[in-house]
Amino acid sequence: MSFNAAGIHVLKAVGKHAELIMGAFESNQNVLSETVSNEKAVNELIRLRIAVRDDLDSEVRLNSTIKNLLEHSLKTDRLRMVNADIGQAVEGIFLLVEQYFSAKKANYENDRLKYLHELQDNVSELCDSLLDQTRGIWRQADSDFSVVALLSGKIALNKNAINKVESILNVIDLIDLSKMYQIGERDRELRRLLHVRLPKTIELCRRDLSDAINRLNKMLFKLNTLVARRRLVQQFTDLWNANPSYQPVDYVDKIDLPQVFNRVKKIPLLGAADIQNTSQELQLSEMLEGLRKKPPVKEDQFVDRVSANIEEQPPVIIKLSEFKVAIREVFFNCLSNNEAINGLESYKMSPDGIDVDIWIYALIAEFNALNESSRKLFSLEFNGASDTIFTGNFKAENITLCPN
Amino acid sequence: MSIEQSQEFGRIIESLLAQEFICQYTDEIAYEYLSSETYRDNVDRFLRKIGRCLRQTEDRNTYYCAYLNIDSSTVRKHLSQQFKMTINELEPLCRWLSLIMSATQRDAPISPGDALRQGEILSGLENAPALVDDLALIVRSGPFASKKDKVSDQLNHVLNALDDQGYLQRSSPSSSIYIATGKWSYLFEVLEFIHTHEEIGRVSQNEEQNGEVW
Chain E
3 MSFNAAGIHV LKAVGKHAEL IMGAFESNQN VLSETVSNEK AVNELIRLRI
53 AVRDDLDSEV RLNSTIKNLL EHSLKTDRLR MVNADIGQAV EGIFLLVEQY
103 FSAKKANYEN DRLKYLHELQ DNVSELCDSL LDQTRGIWRQ ADSDFSVVAL
153 LSGKIALNKN AINKVESILN VIDLIDLSKM YQIGERDREL RRLLHVRLPK
203 TIELCRRDLS DAINRLNKML FKLNTLVARR RLVQQFTDLW NANPSYQPVD
253 YVDKIDLPQV FNRVKKIPLL GAADIQNTSQ ELQLSEMLEG LRKKPPVKED
303 QFVDRVSANI EEQPPVIIKL SEFKVAIREV FFNCLSNNEA INGLESYKMS
353 PDGIDVDIWI YALIAEFNAL NESSRKLFSL EFNGASDTIF TGNFKAENIT
403 LCPN
Chain X
40 MSIEQSQEFG RIIESLLAQE FICQYTDEIA YEYLSSETYR DNVDRFLRKI
90 GRCLRQTEDR NTYYCAYLNI DSSTVRKHLS QQFKMTINEL EPLCRWLSLI
140 MSATQRDAPI SPGDALRQGE ILSGLENAPA LVDDLALIVR SGPFASKKDK
190 VSDQLNHVLN ALDDQGYLQR SSPSSSIYIA TGKWSYLFEV LEFIHTHEEI
240 GRVSQNEEQN GEVW
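First to last, the protein sequences are chains E and X.
When the count follows this note's numbering, it moves up by one through the first sequence with no breaks and lands on 406 for the last residue.
When the count follows this note's numbering, it moves up by one through the second sequence with no breaks and lands on 253 for the last residue.
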């Protein structure tokens, strides 16, 4: 079986026994449940090193590599110990760099490439490891250690996380970036790895871990406060159980009043008459004394009611004005004589004191105010011409009322 | 100051003078307003003109109003009344905190922002007769006194009383979920002060030791 085929076979086996593996992973102890029916599957997993039986009598557990793979992919909040052996990885990188240069110098191209690939893998692994550890810390901090309910457990996990962060930061500080920069300078391939990728990852981790430690410290303070408060409640409750008549000292009675008891009294913000308050009765009496005794003039207004009974009302004759009668006369004349009447010529019928403009406008208004049936009897023409310049404007100089 | 800011300013002053505790859970807008140093100074300056000042709890989560000068007899009288009310509340509130920890299986006492679900507390009480007795003790006398017999009614009564007193706030008017306010921070400050000055812990330890001897 080729290397490639063997790898595919392993991955297929993982897929084939996925339920069994996940069952073990979720059991939180990573122990595979062995039954008669799955004996063959368990044996295959052991053969492929996916599962391990530590002793002949012991249970079969998942290999930590598989467990780590699942934790990595599922982004679980499980508590993992940090592989802080970054120093060794760095040492390995320096060794490979040394060998790489030796092969390059001796013109052993195959060896050089092999060392380069190995170096790339090592740098990637170190970067992934650093990032994974940082993310793991953040996942724990983000979850507020909700995997456990007890405050003591949360505090222990928090302290553990802080220690992990500190140890990772210490190890990161030990990575000699200047040396890496120096050895990477001589080769383009190495420059990419040792000048860019690794320093960038280290910087990112350093920043994230600094933030994480800040947050963890704040959380630890909060957790310690909660513990102190829980103790307070417990001790006071115990005290009242033992001594139900217990009352704290009257601190307000002391000369130096503790600021914690300094709270304002509620001020009523809504005004209302206090009818029981007699403090201003005297002033009110004095004010009332000076008031006049004569009753004020009755200022109520009375209106004569108009009868709403229509039958009692005499018929009302609406008297038309002289001007209105004259305007109507023009319309009557037009109909009775069946001839057109010029507006300006009819002006002579107007009563005294009426301007010609008013007369003409009144004729137009009367025409417009006629009901539809009456208006059909007449037509009104405007005599004039369009403006020479502003041709949209029609300038009427006279009107003619024509019978239809 | 814009009209909105001036309205907000007035509202906050009124709340503080009405003895309210302002935290992000009771009034998020007012809390944000007071979180700005400039606005906070404005509020404090105004209060100082009328003989009061703005104070914060030690955890800096809650604002309240205090007297600027505590030497006058009127202020002392007011403070004495306040103190008696606070002291009367201490025992039932401590018992309530202890009860909630047991009923909801929390390892920490109520903190500002915690959500209390009436159903969860009730089911916790139903499963533990000792806690039902503790609740009965809380409503027997003091600020939470009630003549109700049923556990659910007693619980409802205490939750409503805590809501009225500003320790809890319903998440919505008809909800059975209550959010703890910043007033608990103030309560813990009072407890801590008394604890330190009256050496409560030492008293309890001595009693425990005496118990062991006997």
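Calculated from the structure, these hints are not laboratory results.
Check before you lean on any hint, since a few could be wrong.
[Said to hold, decoys possible] List of simulated lysine to aspartate or glutamate pairs, EDC-like, C-alpha gap at most 16 Å:
{"no.": "1", "chain 1": "E", "residue 1": "K256", "chain 2": "X", "residue 2": "D98"}
{"no.": "2", "chain 1": "E", "residue 1": "K267", "chain 2": "X", "residue 2": "D110"}
{"no.": "3", "chain 1": "E", "residue 1": "K224", "chain 2": "E", "residue 2": "D144"}
{"no.": "4", "chain 1": "E", "residue 1": "K268", "chain 2": "X", "residue 2": "D203"}
{"no.": "5", "chain 1": "X", "residue 1": "K116", "chain 2": "E", "residue 2": "D144"}
{"no.": "6", "chain 1": "X", "residue 1": "K123", "chain 2": "E", "residue 2": "D255"}
As the structure is a computational prediction, the values presented were derived from the model and not from experiment.
Here is how each hint holds up against the structure:
1. For a cut-off of 16 Å, the pair hint linking E:K256 to X:D98 is broken: about 26 Å separates their Cα positions.
2. Straight-line distance between C-alpha atoms of E:K267 and X:D110 comes to about 15 Å, which keeps the hinted pair within the 16 Å bound.
3. At roughly 14 Å between alpha-carbon atoms, E:K224 and E:D144 fall within 16 Å of each other, so this suggested pair holds.
4. Among the hinted pairs, E:K268 with X:D203 is consistent with the structure: their alpha-carbon atoms are about 14 Å apart, no more than 16 Å.
5. A threshold of 16 Å between alpha carbons decides the hint, and for X:K116 with E:D144 the separation of about 49 Å lies outside it, so the pair is violated.
6. In summary, the hint linking X:K123 to E:D255 is supported, as the alpha carbons are separated by about 11 Å, within the 16 Å threshold.
In the structure shown, a violation is registered for the earlier hints numbered 1, 5, in ascending order.
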